[in-house]
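Protein chains: 4
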Amino acid sequence: MKAILKEKPIPGAVLREMDIPRPGPKEVLIRVKAGAICGSDVHIFDWDQWAQKVVPGLPHILGHEFAGEVVEAGKEVHHLKPGDHVAGETHIPCDNCYFCLTGQRHICMAMKVYGVHSQGIFSEYTTVPEPCAVKIPGEIPFVAAAMMEPCGVAVHGLSKGVISGKTLAIFGCGPIGLFGVQAAIAYGAAKVYAIDLSENRLKMAKSFGAYQTFAAGKDPVEKAILDETRGIGVDMVLEVSGSQMAYDQGLRILRKAGTFVIIGVAPKPIQLEIPTNIMYKEAKIFGITGREMYETWYQVSDLIQSGKVNLEKVVSHQLPPEKFEKGFKVAKEAQHGKVAFIFG
Amino acid sequence: MKAILKEKPIPGAVLREMDIPRPGPKEVLIRVKAGAICGSDVHIFDWDQWAQKVVPGLPHILGHEFAGEVVEAGKEVHHLKPGDHVAGETHIPCDNCYFCLTGQRHICMAMKVYGVHSQGIFSEYTTVPEPCAVKIPGEIPFVAAAMMEPCGVAVHGLSKGVISGKTLAIFGCGPIGLFGVQAAIAYGAAKVYAIDLSENRLKMAKSFGAYQTFAAGKDPVEKAILDETRGIGVDMVLEVSGSQMAYDQGLRILRKAGTFVIIGVAPKPIQLEIPTNIMYKEAKIFGITGREMYETWYQVSDLIQSGKVNLEKVVSHQLPPEKFEKGFKVAKEAQHGKVAFIFG
Amino acid sequence: MKAILKEKPIPGAVLREMDIPRPGPKEVLIRVKAGAICGSDVHIFDWDQWAQKVVPGLPHILGHEFAGEVVEAGKEVHHLKPGDHVAGETHIPCDNCYFCLTGQRHICMAMKVYGVHSQGIFSEYTTVPEPCAVKIPGEIPFVAAAMMEPCGVAVHGLSKGVISGKTLAIFGCGPIGLFGVQAAIAYGAAKVYAIDLSENRLKMAKSFGAYQTFAAGKDPVEKAILDETRGIGVDMVLEVSGSQMAYDQGLRILRKAGTFVIIGVAPKPIQLEIPTNIMYKEAKIFGITGREMYETWYQVSDLIQSGKVNLEKVVSHQLPPEKFEKGFKVAKEAQHGKVAFIFG
Amino acid sequence: MKAILKEKPIPGAVLREMDIPRPGPKEVLIRVKAGAICGSDVHIFDWDQWAQKVVPGLPHILGHEFAGEVVEAGKEVHHLKPGDHVAGETHIPCDNCYFCLTGQRHICMAMKVYGVHSQGIFSEYTTVPEPCAVKIPGEIPFVAAAMMEPCGVAVHGLSKGVISGKTLAIFGCGPIGLFGVQAAIAYGAAKVYAIDLSENRLKMAKSFGAYQTFAAGKDPVEKAILDETRGIGVDMVLEVSGSQMAYDQGLRILRKAGTFVIIGVAPKPIQLEIPTNIMYKEAKIFGITGREMYETWYQVSDLIQSGKVNLEKVVSHQLPPEKFEKGFKVAKEAQHGKVAFIFG
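Chains as they are written, first to last, in my numbering: chain A, -5 to 338; chain B, -5 to 338; chain C, -5 to 338; chain D, -5 to 338.
In case anyone wonders, no lab produced these hints; they're calculated from the structure. Keep in mind that the hints are not guaranteed to be accurate.
Any copy, or any two copies together, can satisfy a pair, since identical chains are not distinguished.
[Unchecked claim] Straight line, CA to CA, 27 Å or less: simulated DSSO-like cross-link-like pairs of lysine-lysine: (1) K129 x K307; (2) K250 x K302; (3) K278 x K326; (4) K20 x K197; (5) K302 x K262; (6) K262 x K278; (7) K20 x K(-4); (8) K217 x K47; (9) K106 x K217; (10) K75 x K106; (11) K250 x K47; (12) K47 x K106; (13) K106 x K129; (14) K106 x K250; (15) K20 x K129.
Predicted model, so just to flag it, every value in this text is computed and none were measured.
Kindly produce the complete structure, drawing on both the sequences and the hints.
This is the structure:
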C-alpha cells in the first residue's frame, strides 16, 4: 500500500509502498478513503523540537484525521464489521482510569494519540483500536467524514455555553474556526464575529454566515465589537489562534459573566491581566481538548445530516497522496481551508 | 462623631471628630458597631498609586466592611426601619443596566464601591444606599456581622462548583482564605488543603479543620497533594493569594475537568501555560467578584446560624478606633486573622 | 377613555367611557396602543368559578397583555419617562421576599397579577407599577410588543434545556405553542414536532417551520415520532395543552434523560405513571411560570430584532375595542392565532 | 454451593446445593461474601404478578445486591483478576446504544438487571459481566460493600441538586432513605427532615443526624416544615416511598424552584396538581434510576472511606443463608434496616 512517510529525522516526507498492517484482537483494519492535514502533522513533517520529542520512532506514517471502510475486525471487536463506514477518533483512551470510568474518556489520564504516539493514517490501509473507529451513516461522503474529527473540536467548544440567540467572536479562522462559524450559526447564534490574519479565510467565514469579519492586528476589533454590542460585549469567545493578542482582545470584548473557550494550542505562555479581564467581569474560561466520546460525534453527524453545516466547503484542496508536498505547503501557509488527501 | 480619616495625600490616617451625616431619600443612617480592615483599606492608608487614582477626594473616611443598627431611613426607603441590624454590602449597583436587570447586580456595569469611590465607614455613624444595608438576624453579633462581606467572597467562590464530598486546595490563608476553609468544611468537603506563607495563618487553617497545610515556597505542595490524591489532583482550587506561584502550582494539582476559582487580586499580569495546564486537562476557570446580591448573604447568614462557621474565630484583633495605627500595622503583616474596630 | 369592562357578575362585558386613572408615586401612566386576549381573560369574561374567586371587585377592566407609550411618571419612578415605549410584564413582584432578593422575581412569594388581582388594561390608558412597564426599542411595532409577554412564556420554557441541534415536540399550538415553534427554530432546534386539535393552528405551526404536525387524538403521534427518532424520542417536550393525553404521549416520546417543560395550566389533576415514564428514563420535568424578570424580556426583544421570529404572524385578528365580543368569541374557539385590540 | 432459590411458581424459596457456575469470556466468577435483600427480591420471593412477568424461568436464584472476591476471570476480562474485592452493580448495560456511548450507561436502552432478568447472587458463587463487578478498596468490609449498590441510589439522587447548606425532606426511611439521611449530612446539608410510617426507622434516621422526624399520616408534616422554614419550604425532597401522600405533601413543602427527586417505585399512577404544586413554584422534578456508572461508585466509596457514612449501621440483621425465611419476613415488615446474608 502507499503511505506518506517520515523516514529520516529531517524535514519532509516520502511516499512509499508498504505492507498492509494486520489488526490486533481489539482492532479493525480500515481501507482509508480520505485523510486530512492537521497542524500537528505539519510539526511532524517539519520535524521540529516537539515532533522529535513525541514521535516514538522512524519510519512514521503521518496523519490522523481520516475516514474509510472497515475491511476486517479483530476477534474481540464486537460492534464493527466489514463494510461499515467509519471516521477516525484520534484519541485512544485507556478505558480503566477514573475519567474513562466516569464518561469522560476524552480526558483519559493515560491518553494516546494516534499518528503521534503511534503510526498515522496517510496510507491506503490502517489499523486502529475499535473505540477509535466511529461508525458513521453511509450517506456522509468520506471527505466530509474525514473532517468530523476537527469539526468535533469546534462543536465540543460550543458545548461549553448556550449558543441559542447569543453573540460569539471566533479568533482564528483556520479549519476549526471555520467549522465553529458554521456550527454556531446552525445552533442558532444571533451573530458571529470572525477574526483572522488571512483575508481569504475571512472571506470563507463570511460566506458561511459570519456577521462581521476583522483582519487581526489591523481592524479595530475591540472598538467595533463593543460598539455593536452596546458596550456589553459578546456572550462567548472561541479562542482558536493561540496568540497573545487574541487573549487580550478576546477577554476585553467578552461580556461580564461571559464564556471564553480555549481551543487553540498556544505555543508560548500567555499573560493575563487578572482583575479587570477576569475577576471583575466574572469570566468563565474553559479549556477544551478533543471531542466528547461520543456525544460530540453524534452532534457532528446530526449537523451534517441536517444540511446546516457543510464540511466539504471548508476543504479548499483535495489532492492525491502523490501531491503531499503541495498539501503540506498549502497547510503551512495558513491562508486556505483544509487540505485533504484522497486515497480511495 | 469619631472617624478614622485620610486627611492629607500622604501615608497614614488620623482620628477626628466629625458631623454625623444626613441620609438622602434612598439612604439609611446607621450607628456603626463594628468595622474591619480589608486589603484595599491598607492601600488607601498607605496612599499608594492605586489609592491616589481611585479615591475621589480628601478628607476621606476609611473602611467599608461593617455592621450596625439603622437609626434613620430616608423617605424612599421601604424595607428598613430604625432598630434593624444591618451588615454592609460594599457594592452599589446602578439597578438599571443589563446585569442589574437580570439578577446579576454584583457585576453591574456601573458599579460603585463605597469606602473607595465614596466615603467609608470607620466612624460612629454612616449613611449608605438602602441596597447596601443588608438586614440580618438580631442574634448575629455585630463583630461577626461585619465579617459577612468578606466571608461572602469565599462563599461566592465556593458556589462555582460542587463542594459535597470534594477535595479543595486553598492558596492564601488571609481572612478570606480562612473563611473558605470553614465554609468548605461546613459544606461537606472531603478534604481541604491550605497553603500560605505564614505559619500562624496555617495554624488557624488547621484549627478550622484543614486536612493538611503547606508553607508556600517551602513545602513540596505539588508532590504531596498529587500523592495524596492518587495522582488525580484536587477537585477545586481557590486562588486567594494573587501570586504567580499559586497559579502555577494550583493548575498543576487541579484534576482534569477541575474548577479553579480566582478570588485574589493579582497585582501583576499572570503567565499561564495553556496546553498542559488548561486545555488538555479541560480546566474550568472562574473569576469572582463580591457577593451575589443577595443569594450569598442568605448563605452566609445560614452558615453562621448553623454554628458550622464561626466568623469571630477569624478575628485576631478587636480594637477601639483610637488604636487604628496598630490595626493597620497588624493588617499589613499578613500573619494574623482579621482586625476589627469596635465602635459601639 | 374607552374600556372593556366586566360590570356585573354575569358572563360578558361592556365598552364604557371611564376617567383616565392617575399614577401613584411608583407607577407610570401609559397610553395603551395594543392589547391581546389571554386565556385568563376568557375565564373572567365568562365569569366562571375561578374568576369569581380571584377578581377582587366589579367593575373590572379586562386584559393584561399590552404595549403602549408612557405619558406620565410618578415621582419615585427613576428609569422611565414620557415617550418611552413599554410592554407589559403582568407579574407584580413584592421586591422584598427571598426570591425577589435573589434574582428570581418571577416566582415572588407574594406575587400579584394585574388584570386579575388589579384592574386590567383593555382601555385607552392604564397605570402600572414601574417594574411592570418594560422599556422596549422604538422599532418594535406595538402590536408585536403586546405579544412579548406570552411569547416570553414560551422562550422562558425553552431556557430549561439546550435547544441547539435538538428535537422538540410541542403539545398545544395556541399562541404560546406557536411562539414556541418560532423561537425553537430561531434557537437552532434540529426538528420541531407540533401537536394540536385544530387543523388551522397546525397549518400555522407548519408555516413557521414545524417539521411535522399531528392532529391530537387522531394521528399516531407516538409511533410516528419514535420511528422518526430511531426509537430514542425527542430531547424536549413543551407541554402547552394542559391535557392528560399530552402528558401520557409526551412522556412516552421523551428520550431518556430528556426535558419535559410544563407551560400549560392543567385544569384538573394529572395522572402520571412514575416508574416507566419518569424514573427509568430519568425524565427531567420543569414547571414554568411567567418570564424571568428581565432576562426573558431581553431574549424576546433580541429574537424580534433578529427577524427570526415574527410575533405579528401569530396575530390572526386585529380588532378595534368596539368589536370585543367578536374578539372573545374567536379566542374561545381555539382555532386561530392571537386576538389583539388596537387602541391607539 | 448453597443458593437461595425460587424453585416453583409459588410464594417462598428453598436453600439448595447447586453447581458452581463457569464464567463466560467477558465474565468473572466471584466468591460471594455478603448479599442483601432489596424490595424487588421480596416481589420475586412472593411471586407476585410483576415477578411472574419479568423472571425468565425457574429455578431462579434470588438476590442482586452483593460483594465478594474474584476467583476467576474470563479471557476477555482485562481489568479484574483473582483476589480483587468487588461489589455488584446490578445493571448490565449493552455498551452499544446512544446512552452507553455517551457516558450514560445507567440509562442504557437495552438494560438488563441481574437477579431479575438473569440468575441472582444469593449463593456462594456467582458469575457477572465484568462491568457489573466494581473493584473496591480492600479495607471496605464486605457487608458494607454489599450495601454500596442501594446506597448509590440515594447518592445518585442527591446529585440532582446542591446539598451544601441546604434543607432536605426525605419521604421513606427504608434503607435507601436512611442512606440518604447519612449522605446528605455528610455532604453538608443544613437540615434533614425524615418521614416514615415506622417509629423504629425514624429512630434510626434520628440517630444518623436527621434534624426532625415525622410519623407519616399522623404528624402535621406540612405545617411543621413550613413553619420551620419561614414559609419557604425545603430545597430538596427525596421521594423514596412511592406513596401518593408523599407526592402531595412533598410538593407542598417544596420551596419555589426547589428540586423533587423521585427514587421510590410508585406501584400505582400518581395524581399531581399541576398549577400550584409544580408550575407556579417552578418545581424541578427528576426521575432517578440506579447509579451513574461509575461516578456514583466513586462517590460512595469516598463517603465510606471518609467515615462520614456508615453503611453497616443501616444493617439491622446479619443472617446466615439458612435463615432466609426470617430475612424475608423482616424485610417485608418495613420496620427495620437492611437484611444481609453472610455467605463467607
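- Between the shortest in-copy and the shortest cross-copy C-alpha distance, which are at most 27 Å for K250 and K47: within, between, both, or neither? between (40 Å within a copy, 23 Å between copies)
- Task: Could you place K106 and K129 in one of the four classes (within, between, both, neither) given a Cα distance threshold of 27 Å?
- Result: Both ways: K106 and K129 sit 20 Å apart in one copy and 24 Å across, limit 27 Å.
- 27 Å Cα threshold - placement of K302 relative to K250: between (30 Å within a copy, 26 Å between copies)
- Message: I want to check one pair: K20 and K197. Are their C-alpha atoms no more than 27 Å apart within a copy, between two copies, both, or neither?
- Response: For K20 and K197, neither the intra-copy (44 Å) nor the inter-copy (53 Å) Cα distance is at most 27 Å.
- Task: Could you figure out if K302 and K262 sit no more than 27 Å apart (CA to CA) within one copy, between two copies, both or neither?
- Result: neither (36 Å within a copy, 42 Å between copies)
- Identical-chain pair category, K20 with K129, by Cα at 27 Å: Result: close both inside a copy and across copies, 15 Å intra and 23 Å inter.
- Query: Between copies, within a copy, both or neither: which fits K217 and K47 at Cα up to 27 Å?
  - Reply: between (42 Å within a copy, 24 Å between copies)
- Message: With identical chains, the pair K262 and K278 could be close in the same copy or across copies; at 27 Å between alpha carbons, which is it: within, between, both, or neither?
- Response: Answer is both; intra-copy 22 Å and inter-copy 20 Å each pass.
- Item | Alpha-carbon proximity context of K278 and K326, limit 27 Å | Answer is neither: 32 Å inside a copy and 31 Å across each miss the 27 Å cutoff.
- Task: Evaluate K129 and K307 at a C-alpha cut-off of 27 Å and name the case that applies: within, between, both or neither.
- Result: within (22 Å within a copy, 43 Å between copies)
- Message: If the cut is 27 Å between Cα atoms, do K75 and K106 qualify within a copy, between copies, both or neither?
- Response: For K75 and K106, both the intra-copy (24 Å) and inter-copy (25 Å) Cα distances are at most 27 Å.
- Query: Taking 27 Å as the upper bound on the Cα-Cα distance, should K106 and K250 be classified as within, between, both, or neither?
  - Reply: between (37 Å within a copy, 16 Å between copies)
Checked against the numbered hints listed earlier, the structure breaks hints 3, 4 and 5; every other hint is satisfied.
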